[in-house]
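Chain by chain, the residues:
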Amino acid sequence: MTFPTSLFASRTKRLLTVLAAGTLACSLAACGSATAAQSATDQTLTVALDGTVKCLDPWQFDEPAVHNVLRQVVESLTALDTKTGKLLPALAESWESNADATAFTFHLKKGVHFSDGEELTAEVVKKNFDQAATYPQGVRSSSYFANYKSTTVVDPQTVTVAFSKPNGSFLNHTASDFLSILSPNTIAQSAEARCAAGVVGTGPYTLGKYTPNQDVTINARKDYDTNPSYAGHTGEAYIKTIVFKLVPESSSRLGLLTSGQAQVVQSIDPQDFQSAEGSGATIVPVTTPGVPLRLQVNVKEAPFTDQSVRQAVSYYLNRDEINTVAFGGKSEPAISLLTKNVSGWIDLSDELKYDPSKADKLLEDAGWSKNSDGIWEKAGKPLSFHITKASPYTLSQKLLELVVQQLNQNGLQVDFADYTGDYSEVTGKHKYSILFANTTDIDADVLRGQVSPVDGGNRSNLDADDDLVAPLSEQNATTDDTARNKILQDVQKEIVERGLQIPVAYLVQFYGLSKGVQGVTYDAESRLNLYDAKLA
Amino acid sequence: MTGYTAGALSLKSPKAIAAARGGMAQYVVQRLLQALFVVWAAFTLSFLLLYALPGNAATQKLQTSSYISQAQYEQLEHYYGLDQPLLTQYVKQLTGILHGDLGISVATGMPVSQLIGNALPQTLGLTLLALLIAITLAFVVSTLATVSRFATVRRICWALPAIGSSIPGFWIGLILLWLFSFSLHIFPGVGDGSFAAMILPAVTLSLRTGSLIAQVLTNSLDKEWHSPYMQTVRTVGYGRLAALFQQALPNASISVMTVIATHIGELLAGTVVVETVFSRNGIGRITQVAVTSQDMAVVQGVVIFTAAVYAGVNLVVDLLYPLVDPRIRNSSRRGRK
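Chains as they are written, first to last, in UniProt numbering: chain W, 1 to 536; chain Y, 1 to 337.
Everything labelled a hint here was simulated from the structure, so no lab data went into it.
All values reported here derive from a predicted model rather than from experimental measurement.
Please note: incorrect hints may appear among the correct ones.
Said to hold, decoys possible - A few chain Y residues that face chain W, going by a derived Cβ cut-off under 7 Å, partial list only: (1) 66; (2) 76; (3) 182; (4) 289.
Said to hold, decoys possible - As a list, the in silico SDA-like pairs of lysine to any residue whose alpha-carbon atoms are at most 20 Å apart: (5) W:126 with W:102; (6) W:149 with Y:72; (7) W:431 with Y:65; (8) W:429 with Y:65; (9) W:389 with Y:111; (10) W:431 with Y:185; (11) W:429 with Y:70; (12) W:389 with Y:66; (13) W:429 with Y:72; (14) W:209 with Y:193; (15) W:209 with Y:192; (16) W:515 with Y:185; (17) W:209 with Y:66; (18) W:149 with Y:71; (19) W:515 with W:284; (20) W:389 with Y:71; (21) W:431 with Y:53; (22) W:429 with Y:73; (23) W:389 with Y:117; (24) W:389 with Y:120; (25) W:431 with Y:171; (26) W:389 with Y:56; (27) W:429 with Y:54; (28) W:209 with Y:120; (29) W:209 with Y:111; (30) W:149 with W:162; (31) W:515 with Y:183; (32) W:431 with Y:317.
Each residue gets a CB set at the ideal place from its N, CA and C atoms; glycine is no exception.
Using the sequences plus the hints, can you model the full thing?
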């Protein structure tokens, strides 16, 4: 449920300003000192999450809140360095693949245990992958295991995963929370039991008390023994207990942060940045990897059969203004089709620059002219279209309002509304002119999944013999990074130049950290990683 | 009043009393059947409504995921029995419910009875506390509005209920949160199972119901207070307060019973907003989440539960009426003749 927060936002702000001084004085004096006196491991951290945690299984649900909790409980074979895009060891110490990307061998770390005492072995990984490949409830796993043949136990610490067709993206996907490795006892349970009672992993925390729609508590494991290479320390996590509060109201999340009732908050609304920072908190923008929030254009629908119109729409978008207005300037304008934390991205700032006069020229050359109302028209028909909103992102409404405003100002008649009904039918039958969506993925193969008319979702409604089909498949058939990135960069350029996918903004999660919280990091999928977290 | 009616009843012949009891039994059975019908109708209507909505629990679970193949989607639909014809699903759910099985929530994997059972104590505590606050507030405001010696106090108390019932609950909730939790640090800002965390949401929830009770009570108390019989009561020696508490208030309270009964449902509905604003688990929050995720079994479970509570409370009130008000008892007997 959403409430018209803007109605009372100003009131709330006034209240805040009046009372901020008192709050601050309190937090500086007595209120904060209690935690400082305690030993590090006795500390409790309170995290306020946006949304619901309906299910305690990272394989089954997409919601960021679910993964923010479970990322502390489960681990994956690998991890991705968000800065370099390099794959790092986690549960697997090392790995290799064959040249045509059909076989991947992982050497597991020795002496790693699940919190229920089970040991991590090749047999356990095989059980996980065999189930994940065909798991009906898995939101991502069966897609990541496309053309799965088998997993073979080579020795107790070595497995080989084989595919019948190349699957180069599999390696990066082993870092995903969607492919986290679960205890054999969890694997043996029904999907319902896993959801309700929670999964068992190798992570630094175990699931404790869970009250649906209210809170989830996790407790640090004394016997934690993965000690991943990317972490800042080894052994037990610093903070003993973490309570995740599930807080759907954004003004409540802000209040919890400013009043010190929560130290980490997911999704701070940009209109609340000033209030949060006024209380001494820090806003951390974390870009979700994958394809940004974008307009996916159906090229078989008028007026988008005309490439000039698609290009003009892109040039009319002022992405600088979008960042300033929608994100309070805390993100950056979108200049690429893959976010900068996905290996293989390319800077397309020239193609994605704001250039209304170029857009005007494109439309004029294509036979469009402005009528007396200032609306572009051709053969008596105005340039108008509808955008179908299909992004669950909290700020997508605001972003689309801006997009529509910018396009309307330039003589295009545009409106938007949420998609209705079965999403697979909307996309499968191309029941849209433009689909506004975002796709989170840590691997560039997401482009094939979105664009390819042959082995992907074909969101732009291309023909099966389109030029893009071959390179989109080829990039997934090689494990040579240099060769793969070259193909990917050409593909991104072509998609943007043809106006098939028009990036609008990067999807950013704004986390709020109260003063004194240290060591909070974020995994490749922009989820919280609280293993190194400390309260000063 | 009570003394008089008790005397009147004792004057009846044994035959008349037996006849009255027979009529009572018939009345109870009739009301019970009506209550059952209400529950069934609520179940059926909500089933049809949910079915008419585009999408289902499986599509909601997958949302806008582009990683699901059509085959996997169909597999999931089949797993949850969502591919069966409407009538089959309806009959299956209804027979399940008759056997006490509310089914399993697709979204959370929990049995619906467990989900509701876990949330019930929190919501029950919250609504009871809210009701208590509402009734207390209503009685205080109504009494002051009627008998205060100060005209200004009377005027303010006459106006308060109208204001209270027109302020949106979530707005009051957010203001209370900011003031008493985030600024003054007196109460926790989110649900944590403690009594302290229940106070702000209970106050928020009580305002509307309290205002409605106060509106009715003020009117009827005013009527009673200015009735000619109050003169008699005062002249036989009752003091001002005794006349108020022993005569006027009890008589005026009958109308309040109806208001409370009809607003129990509204209190439960109010928890949808209050539990969301105060981040509490409860029947309201479960409903909200279940509706947005089209979690049929959960919505149906909540609907049946709420309808049963509503019908149950109304049944109890209907049965209590004849006991406290002789006019209703007499009219039901007259109707039978």
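Verification of the supplied hints:
1. 66: OK, holds: residue 66 of chain Y within 7 Å of chain W, min 5 Å.
2. 76: Because about 5 Å separates residue 76 of chain Y from the closest Cβ in chain W, which is inside the 7 Å limit, the hint holds.
3. 182: holds, 4 Å
4. 289: holds, 6 Å
5. W:126 with W:102: Roughly 16 Å between the alpha carbons, so the hint for residue 126 of chain W and residue 102 of chain W holds.
6. W:149 with Y:72: holds, 18 Å
7. W:431 with Y:65: holds, 16 Å
8. W:429 with Y:65: holds, 16 Å
9. W:389 with Y:111: With a Cα-Cα distance of about 33 Å, the restraint between residue 389 of chain W and residue 111 of chain Y is violated, given a limit of 20 Å.
10. W:431 with Y:185: violated, 51 Å
11. W:429 with Y:70: holds, 12 Å
12. W:389 with Y:66: holds, 15 Å
13. W:429 with Y:72: Holds - the C-alpha atoms of residue 72 of chain Y and residue 429 of chain W are around 18 Å apart, at most 20 Å.
14. W:209 with Y:193: holds, 12 Å
15. W:209 with Y:192: At roughly 11 Å apart (the allowed maximum being 20 Å), residue 192 of chain Y and residue 209 of chain W satisfy the hint.
16. W:515 with Y:185: holds, 18 Å
17. W:209 with Y:66: violated, 33 Å
18. W:149 with Y:71: With a Cα-Cα distance of about 18 Å, the restraint between residue 149 of chain W and residue 71 of chain Y holds, given a limit of 20 Å.
19. W:515 with W:284: Holds - the C-alpha atoms of residue 284 of chain W and residue 515 of chain W are around 12 Å apart, at most 20 Å.
20. W:389 with Y:71: Roughly 25 Å separates the two Cα atoms, so the pair is violated.
21. W:431 with Y:53: The given pair, whose Cα atoms are some 18 Å apart, holds under the 20 Å limit.
22. W:429 with Y:73: Answer holds: residue 429 of chain W to residue 73 of chain Y is near 16 Å, not above 20 Å.
23. W:389 with Y:117: violated, 37 Å
24. W:389 with Y:120: Not satisfied, since the Cα-Cα distance of roughly 36 Å exceeds 20 Å.
25. W:431 with Y:171: Violated. Residue 431 of chain W to residue 171 of chain Y sits at ~39 Å, over the 20 Å cutoff.
26. W:389 with Y:56: Answer holds: residue 389 of chain W to residue 56 of chain Y is near 19 Å, not above 20 Å.
27. W:429 with Y:54: holds, 16 Å
28. W:209 with Y:120: With a Cα-Cα distance of about 18 Å, the restraint between residue 209 of chain W and residue 120 of chain Y holds, given a limit of 20 Å.
29. W:209 with Y:111: Roughly 18 Å separates the two Cα atoms, so the pair holds.
30. W:149 with W:162: holds, 5 Å
31. W:515 with Y:183: holds, 18 Å
32. W:431 with Y:317: violated, 53 Å
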